[in-house]
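Take the sequences, apply the hints, and build the full model.
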Amino acid sequence: MYVGHIGFGLGAYSFRKTLPLWLVLVAAQIPDWLDAGFCVAGVGRGPFGLYTHGFVPIAIAAVAAGALTFAMTRDATGVLVVVIVVASHWFLDYFTGMKPTWPGGPVLGMSLYAHPAVDMLVETATILVGWLLYRRTLPASVRNNRWTYATLFALCALQVAGSIAFALNMGGHAKC
Amino acid sequence: MSIHLVKGLTLAAALLAPVVTTLYFHSRTLAAARSKQQDQVR
Chain A
565 MYVGHIGFGL
575 GAYSFRKTLP
585 LWLVLVAAQI
595 PDWLDAGFCV
605 AGVGRGPFGL
615 YTHGFVPIAI
625 AAVAAGALTF
635 AMTRDATGVL
645 VVVIVVASHW
655 FLDYFTGMKP
665 TWPGGPVLGM
675 SLYAHPAVDM
685 LVETATILVG
695 WLLYRRTLPA
705 SVRNNRWTYA
715 TLFALCALQV
725 AGSIAFALNM
735 GGHAKC
Chain B
1391 MSIHLVKGLT
1401 LAAALLAPVV
1411 TTLYFHSRTL
1421 AAARSKQQDQ
1431 VR
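Protein chains in written order, with my numbering: chain A, 565 to 740; chain B, 1391 to 1432.
The hints are simulated quantities; they were obtained by calculation from the structure and are not laboratory data. Some hints could be false.
Pair by pair, the computed Cβ-Cβ distance ranges are [stated by the list, open to error]:
no., chain 1, residue 1, chain 2, residue 2, range
1, B, Arg1432, A, Tyr658, 49 to 57 Å
2, A, Leu692, B, Gln1430, 24 to 32 Å
3, B, Gln1430, A, Phe634, 34 to 42 Å
4, B, Val1431, A, His679, 47 to 55 Å
5, A, Leu696, B, Ile1393, 35 to 43 Å
6, B, Lys1426, A, Pro584, 17 to 25 Å
7, B, Tyr1414, A, Leu696, 17 to 25 Å
8, A, Gly606, B, Gln1428, 46 to 54 Å
9, A, Leu672, B, Arg1432, 55 to 63 Å
10, A, Tyr658, B, Lys1426, 37 to 45 Å
11, B, Val1410, A, Trp666, 30 to 38 Å
12, B, Leu1399, A, Ala678, 23 to 31 Å
Predicted model, so just to flag it, every value in this text is computed and none were measured. The beta-carbon is built from N, C-alpha and C at its ideal position, and this holds for glycine as well.
Structural data, given as structure tokens:
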């Protein structure tokens, strides 16, 4: 999943809008940032991304992000929201790809990346639901503001661009 | 430049794009809300 993670983050933010928005959005992407870091470092991601998208690294990332959130906010509910956001990554990726579980465990997923149009619909729907929840956190005076709608349209545009890139196999299925 | 570095940086840019976009529009939205609030005070 690509921008759908940001959609989920926006939706989660609506349950704790005292959290820094950047923290929730980055938390939603942590395993993918690990991919980017491993890639730059020239380190293998393991079979099916086991070292970045398996249950163990996601659990470690969730604990680390929760600890960072607690250090920044002293807000137990905020910590819970961030931990759920980090853990959500695996479940959202389950729809779009084939994801590892634990060493020697099964690789699970619906592989919607093989059907870019369906993937785009699922991700766009996730973005829309998240944005609708996020919009409720805004003052009533700006809920219909052009910048509020620009957020939705820009995220959808990025997702469409990403889906086209996948459809043309520009991104490739091997991230690194 | 190695292919791994190029792919990693491309992935990082792709990840950063929706985050930066969202934060930018979020800040503009909040600025618009503050502006409207100040107008009402006046």
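Okay, the hints, checked on the actual structure:
1. B/Arg1432 / A/Tyr658: 49 to 57 Å: holds (52 Å)
2. A/Leu692 / B/Gln1430: 24 to 32 Å: holds (31 Å)
3. B/Gln1430 / A/Phe634: 34 to 42 Å: With Cβ atoms ~37 Å apart, the hint holds.
4. B/Val1431 / A/His679: 47 to 55 Å: holds (53 Å)
5. A/Leu696 / B/Ile1393: 35 to 43 Å: Once the Cβ atoms are compared, 40 Å apart, the range 35 to 43 Å for B/Ile1393 and A/Leu696 holds.
6. B/Lys1426 / A/Pro584: 17 to 25 Å: holds (23 Å)
7. B/Tyr1414 / A/Leu696: 17 to 25 Å: holds (20 Å)
8. A/Gly606 / B/Gln1428: 46 to 54 Å: holds (52 Å)
9. A/Leu672 / B/Arg1432: 55 to 63 Å: Given range 55 to 63 Å: holds, Cβ gap about 58 Å.
10. A/Tyr658 / B/Lys1426: 37 to 45 Å: This hint holds: roughly 42 Å between Cβ atoms.
11. B/Val1410 / A/Trp666: 30 to 38 Å: holds (34 Å)
12. B/Leu1399 / A/Ala678: 23 to 31 Å: holds (26 Å)
Checked against the numbered hints listed earlier, the structure breaks none of them; every hint is satisfied.
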